[in-house]
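K.L.:
Spelled out from the first residue to the last, the chains are:
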Amino acid sequence: MDWQYFFELLLGGLTRGSIYALIAIGYTMVYGVIELINFAHGEVYMLGAFTGLIIASVLATLGFPIPMILILAAIVAIVYSACYGLTMEKVAYKPLRSAGRLSPLISAIGMSLFLQNYIILAQTSDFLAFPRLIPDFEFMEPIAHVFGSSDFVIVVASGISMAFLTLFIKFTKMGKAMRATAQNRKMAMLLGIDADKVISITFIIGSSLAALGGVLIASHVGMVNFFIGFMAGIKAFTAAVLGGIGSIPGAMLGGLFLGLSESFATGYIASDYEDVFAFSLLVVFLIFRPSGIMGKAKVEKV
Amino acid sequence: MEQARLNIILHELKKSVLVSLWFMFLTFPIMVIRVNTLDHTIMWRWTNMAMIGCAAFVLSFFWRWAMKKKEASAVPAKSSWPHWARQNWAGYVENKTWIYTLQGLMLLGFIILPWIVSTYKTNILISFLTYVVLGLGLNIIVGVAGLLFLGHAAFYAIGAYSYALLSKYLGFGFWIALPMGGIIAALAGVALAFPVLRLRGDYLAIVTLGFGEIVRLLLENAGSFTGGPAGISNIPRPQFFGMHLSVAETNIYIYYIVFALALVTIIAVSRLKDSRIGRALQALREDEIACEAMGIDRVGVKLMAFGLGTAWAGFAGVIFAAKTTFINPSSFTFFESAIILSIVVLGGMGSNAGVILGAAFLVLLPEYLRAFSEYRMILFATAMVLMMVFRPTGLIPARGRRYVVHDPDLDLDDGSKSKEV
Numbered sequence: 293m294d295w296q297y298f299f300e301l302l303l304g305g306l307t308r309g310s311i312y313a314l315i316a317i318g319y320t321m322v323y324g325v326i327e328l329i330n331f332a333h334g335e336v337y338m339l340g341a342f343t344g345l346i347i348a349s350v351l352a353t354l355g356f357p358i359p360m361i362l363i364l365a366a367i368v369a370i371v372y373s374a375c376y377g378l379t380m381e382k383v384a385y386k387p388l389r390s391a392g393r394l395s396p397l398i399s400a401i402g403m404s405l406f407l408q409n410y411i412i413l414a415q416t417s418d419f420l421a422f423p424r425l426i427p428d429f430e431f432m433e434p435i436a437h438v439f440g441s442s443d444f445v446i447v448v449a450s451g452i453s454m455a456f457l458t459l460f461i462k463f464t465k466m467g468k469a470m471r472a473t474a475q476n477r478k479m480a481m482l483l484g485i486d487a488d489k490v491i492s493i494t495f496i497i498g499s500s501l502a503a504l505g506g507v508l509i510a511s512h513v514g515m516v517n518f519f520i521g522f523m524a525g526i527k528a529f530t531a532a533v534l535g536g537i538g539s540i541p542g543a544m545l546g547g548l549f550l551g552l553s554e555s556f557a558t559g560y561i562a563s564d565y566e567d568v569f570a571f572s573l574l575v576v577f578l579i580f581r582p583s584g585i586m587g588k589a590k591v592e593k594v
Numbered sequence: 316m317e318q319a320r321l322n323i324i325l326h327e328l329k330k331s332v333l334v335s336l337w338f339m340f341l342t343f344p345i346m347v348i349r350v351n352t353l354d355h356t357i358m359w360r361w362t363n364m365a366m367i368g369c370a371a372f373v374l375s376f377f378w379r380w381a382m383k384k385k386e387a388s389a390v391p392a393k394s395s396w397p398h399w400a401r402q403n404w405a406g407y408v409e410n411k412t413w414i415y416t417l418q419g420l421m422l423l424g425f426i427i428l429p430w431i432v433s434t435y436k437t438n439i440l441i442s443f444l445t446y447v448v449l450g451l452g453l454n455i456i457v458g459v460a461g462l463l464f465l466g467h468a469a470f471y472a473i474g475a476y477s478y479a480l481l482s483k484y485l486g487f488g489f490w491i492a493l494p495m496g497g498i499i500a501a502l503a504g505v506a507l508a509f510p511v512l513r514l515r516g517d518y519l520a521i522v523t524l525g526f527g528e529i530v531r532l533l534l535e536n537a538g539s540f541t542g543g544p545a546g547i548s549n550i551p552r553p554q555f556f557g558m559h560l561s562v563a564e565t566n567i568y569i570y571y572i573v574f575a576l577a578l579v580t581i582i583a584v585s586r587l588k589d590s591r592i593g594r595a596l597q598a599l600r601e602d603e604i605a606c607e608a609m610g611i612d613r614v615g616v617k618l619m620a621f622g623l624g625t626a627w628a629g630f631a632g633v634i635f636a637a638k639t640t641f642i643n644p645s646s647f648t649f650f651e652s653a654i655i656l657s658i659v660v661l662g663g664m665g666s667n668a669g670v671i672l673g674a675a676f677l678v679l680l681p682e683y684l685r686a687f688s689e690y691r692m693i694l695f696a697t698a699m700v701l702m703m704v705f706r707p708t709g710l711i712p713a714r715g716r717r718y719v720v721h722d723p724d725l726d727l728d729d730g731s732k733s734k735e736v
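As you go down the protein sequences, you meet chains A and L in turn. Sequence positions in the first sequence follow my numbering and run 293 to 594. Sequence positions in the second sequence follow my numbering and run 316 to 736.
It should be emphasised that the hints constitute simulated quantities derived from the structure, not laboratory data. Ideal placement from N, C-alpha and C gives every residue a C-beta, glycine not left out. One or more hints might be untrue.
Heads up, incomplete: computed chain L residues facing chain A, CB under 7 Å, no partners named [claimed, not checked]:
1) 344
2) 348
3) 518
4) 528
5) 536
6) 660
7) 692
8) 693
9) 700
Using the sequences and the hints, build the whole thing.
P.N.:
Structure below.
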């Protein structure tokens, strides 16, 4: 067995999985609170990458140093994506909260198409080159051929943000309110929790993490276009389902699981069928274990 | 009194100004800055910002007005017609003779149309009718049975590829391939339905979306068998009793084929709704558990819904392949499914007249408004969201069957003794 190849795939999968996990958290949190698959979540990730690209280019022409550019561009992208997420919720989902389940879903598909075409019209439908914002670290030199500096930054940044999110959910008052709302919105409202505020914050956190993922992966891969959100969105959704939708640790685990299995499948089986593999995994999981790895099976009461 | 009104106006103005400022902030990086990553130049488009600001200011008034109106009419009106329309038109709509005359005129119009208009316009009409067939098929699944289905383009592709492959490898003609395309698509639909029977709502939507993408990716990666991303070309056009037809004539011939198919679809689908299966499907949409408790075979009915819906996509696919004589996987992306879904949603889920109107809106309007063609998708997307927010039943809402109860003991407000149920 070729161990170096194996480690290459393992670490590649780890990078990929961290990004999936970052996006999947947004899906899972929104689903947990309002039981809606936010179809436009992948587009928020794409918007984050685009905003990051634009801000980074502007800062680069102004002559900022590279690490500064990365940090500033990431912050601006996160802020803007959070605002997009918030606006999206207010315009397309909030008026539909009392409607059935089909209407918000169709509205979300409409929102996703809208944002893609917004980028096509306002920017471009071509691929744009994303500047390399992550410098090469010296201490990464010995293993740079299997695990580059950008991989390292992606894994560390997503690890830190996920740790913060876990602490936030566990120990702050808002986190408690979120858990309560996810459990039973009506009851939470009776206890004086402002459910609208909780939902807004959920969208803000989910969108911010997606934007962070967008900026990191865009500077890792080196290009963006309007369509990157579609695939990333579906794969992150798959990750959320694998881990058990509604569960935040599940989304992290599911993201890593999907990233690793995708990496190994393309490395050892067939690289042409990378996307087919993710979809098949999704279908298989939805059919045999729709509650995911971490989720609890739901019993429906009549 | 004056003061109070002034305050309200000021309040509304303030709200709109805030909304406008918010959107100017929100769209700033994307709308204003445009970077060229190759030669590192930056374009600042400040006019866009002013436009967004003005548009958001004006639209926010409409938004709040529409919201207020929606909240005011939270109790659903008895009839879906607006008051003025009810007074002027309802009489005609209820009157069967009028409907038949209108339908006859439209039929006649569609029969003579290809002889009057140019080949180019006939082509547009063909694609309009194809979308009517596709939309009506999807309407069975989404509108009647209430299963959100996002992979319709895959079955369109299956139909198109069945004809292309059957004629390429086995030399099948169009007329044999047409029913076979439908049957193959229906079988594929049933095959997809089997594993997803347990799934509902949003999960089902994602799985069907995934299935649609799997079909497209398989077609793209299957190499020489399906031609890969390059697709299959030189698909034979349909033959008319062995006669050789020119391209323009074949076009008219295909027009009649697709017109006949659309007619058959319209008749079949509207008959279906009143049939036993149709009623079972509608019951399934309303409540699955209650439906099973009433003794409806949930599995059978769901499979039926998928098979019936996807068969039409298969037929439409065969005709599409015959018309363009060239197909490749990129004609059958998720966008295609989204367009078909928006036809159904905009027209009115479950309503056949609505689907036809929706197809007219989405196919004919962009063709005649060439200036707006680049805004086509963004307008559809906006319409999808707005439709869901303000008029979820669509342009022409579906009307269930109505029954009139004559009861001598019934005393209604208007003094009559009968009631519509």
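K.L.:
Next step is simple, just say for each hint if it's right about the structure.
P.N.:
Each hint tested on the structure:
1. 344: 5 Å, holds
2. 348: 5 Å, holds
3. 518: The hint holds - residue 518 of chain L has a Cβ within 7 Å of chain A, the shortest such distance being about 6 Å.
4. 528: Hint holds; residue 528 of chain L Cβ to chain A Cβ min 6 Å, cut 7 Å.
5. 536: This hint holds: residue 536 of chain L lies near chain A, its Cβ roughly 5 Å from the closest one there, short of 7 Å.
6. 660: 6 Å, holds
7. 692: Because about 5 Å separates residue 692 of chain L from the closest Cβ in chain A, which is inside the 7 Å limit, the hint holds.
8. 693: Holds - the Cβ of residue 693 of chain L comes within 7 Å of chain A, reaching about 4 Å at its closest.
9. 700: Check passed: Cβ of residue 700 of chain L comes within 4 Å of chain A, closer than 7 Å.
Violation of the numbered hints given earlier is absent; every hint is satisfied by the structure.
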